[in-house]
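Q: Dock chain A against the given chain H, drawing on the hints supplied.
So the protein lines, in turn, are chains H and A.
According to this note's numbering, the first sequence holds residues 1 to 282 in order.
According to this note's numbering, the second sequence holds residues 283 to 689 in order.
Among these hints, one or two may not hold up.
As the list claims (entries may be wrong) - Mimicking BS3-like on lysine-lysine, the simulated pairs with C-alpha atoms at most 30 Å apart in a straight line are:
no. : chain 1 : residue 1 : chain 2 : residue 2
1   : H       : Lys77     : A       : Lys456
2   : A       : Lys456    : H       : Lys38
3   : H       : Lys7      : H       : Lys134
For the record, the hints were derived by calculation from the structure and aren't laboratory data.
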Amino acid sequence: MSLSFAKVDVITTYPYLAETVKAVGGDLVRVKALASPKMDPHFIVPKPSLIPQMSRADMLVINGAGLEIGWLPPLLKRAHNPKILPGSIGFVDASQVIDLLDKPVAVSRAYGDVHPEGNPHYALDPHNIVRIAKLVAYKLEAIDPAHRAAYEANLGKFLARWNAFLKSFDEKMGRCKGMKVVQYHELFNYFLKRYGIVSLASIEPLPGIAPSSKHTIELIGLMKKEGVKTILQDVYHEKKTARFIASKIGAQVIVLPHDVGAVEGADTLQSFYEAIAKRLCH
Amino acid sequence: MKKSVVCSLFTAAALFAGSDEVERLKTQMHQQQQMIEKLLHRVDELENRNKKTQEQELNIRIETSGSRSASFAQQAFLPDIALIANMAAVGRNVGNEVYENYKIPGFIGNPGEIPFNPKRGFNLNYGELEISSTVDPYFDVAAALHIEKEGLHIGELFVTTRALPYNLRLKAGKFKSEFGRINPKHQHAWNFSSIPLVFESFFGPGGLGDEGVQIQWNLPTENYWMAGFEAMQGGNGRSFGNTDTNNLFIGYLKSSYDITDTNTLLAGVTYMHGKNPAGNTDIVGADLTLKSFFGSYSALTWQNELLWRDKDGTGKQAGLYSELIYDYNQNWAGGIRYDTLFKNIGNEPDDLERYMVMMQYKPFEFSKLRLQYTYDRSKWIDGERKDIHEILLGLTIEAGAHGAHAF
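Only chain H is shown next, with the shape it has when bound in the complex (with noise of 0.2 Å):
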């Protein structure tokens, strides 16, 4: 691996995560996201052919906090690949450098699917990224020492372009300061949190409890009460809670991705987080 001519072989569980090692890794690394972004993170397919992809990685990075237990642990078994378990230096969890939101005080499943860790969506707030390009940058120059340098001009032409696109994103966001939205699942919060939007309520009675009638009439009060006229949906869920919501109190139900490539238009870093702002902030 320290080869000068082999890539060093990536594989990340999901796609923003990807583009992150794409940034930082140019030319030097070859990057393959397992699951796809029009599906559910906390349900991915773990279909065989992810088998082979795992098994020849030099390095696997997890967004962690739980989001990947339900279908990346029989797939990390079957790749018998020591190069990336935990406990190798392979083995990168982004989560361990996030701030994470929402750590819940108690832990039972009486609460739904709830994560210890706290919320496992912090791809959603751009400032992350910062973050995980870091780290991805210290773990490709562990893993691969001879092109040190290399990563290093990579991490610090990227960390530059969004620092700047922070900065005027920021600015954008910042109209939207103090408006109210109830989501289907709670998954937009550090987006929300970051840009100061109001979160009440979630269409879930609990966390992956699908809706129920006598939650769904609750919402409806409530968001009267609170002329709450914005219902961020995923792309993965049922739409027809939210939308007949929206049509009791006329409310619009918005679209939002969750991840690079979830919506037309947002393939990258950048367009994923502008379509978000697109559509909830226009």
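A: Then chain A, alone, in the frame of chain H:
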């Protein structure tokens, strides 16, 4: 730092200012000096206070050290534990005592103890403790312990390697053979409450599990190719049972191909050779699964397996099953299975068939309610064929450590 600022201010003043200016600057400097002194005093005060708190804290820690040590606490190293329970209410057109002695002519002379749903009425089938952990950087361990009325029974207990090169993995212990599709899975993960007739006939109602070793290799190919080899004791009496030494050898090859992003094909072939008290047993198997996904929670799965056996002392027999499962959403699923023993010995019947249909409701990922109807034309009772109708309402819960979904 502070001193050098003062000095440079003074020098600057002396060099560039007139006498009025100098006076003004002097007063200013005096004021600033006073301010600096005040600040220094506050810093000292804070430092002292901080020191005091540190000392107090240390004292408290010294005084309470006897009751706070957790140096021998090991809770953080507890293995992952899941508790699984399976129960069902059953209605059947055959009485319990008669049912216990069913025969499948040519295949099963006496079913022995029926582990799942033997009775009309209520059946608490089993509790299962699934315990797994990483042992050290080199080994993982996993166990499935069945809690039964007579005690704890080892369903599986095996060690797997973590650090072998060349995409190899070794397993040793007691484990379910990983040939085909349904055999490696536990009863609570099957789509219907019983294993297909051909598996029950050849290996018993729990499938083929035995003491032994296994090696699996992922081939370095673009598509998924996995070769597995198992050497086992051969304790399974239905097909083998000669355990004078490790007498059973199983080899299999599995491959998968994505026809499109949402359509996947999975196929495998198996060969096993073992010994029974009357001589040799050879079994050949093949499986084919086609899975189409319509989203994160919806899929159609068509799964088929065929087994053919040549057993000295019995003869050549074969059977297959085909099942179609439709996952409608996260909560609802339904399915049908056709099941047959189509090749039999001598004059024994070769039209032994069973039909099953089920509907399943999962309130959440960790619980499952299943309503299942079975029409069974494979059983002989009191010397003649008895069509069995069975309706079953089952409940399975999986509490504790998160069991990830296998493909």
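Q: If any of the earlier hints don't hold here, list their numbers in rising order.
A: 2
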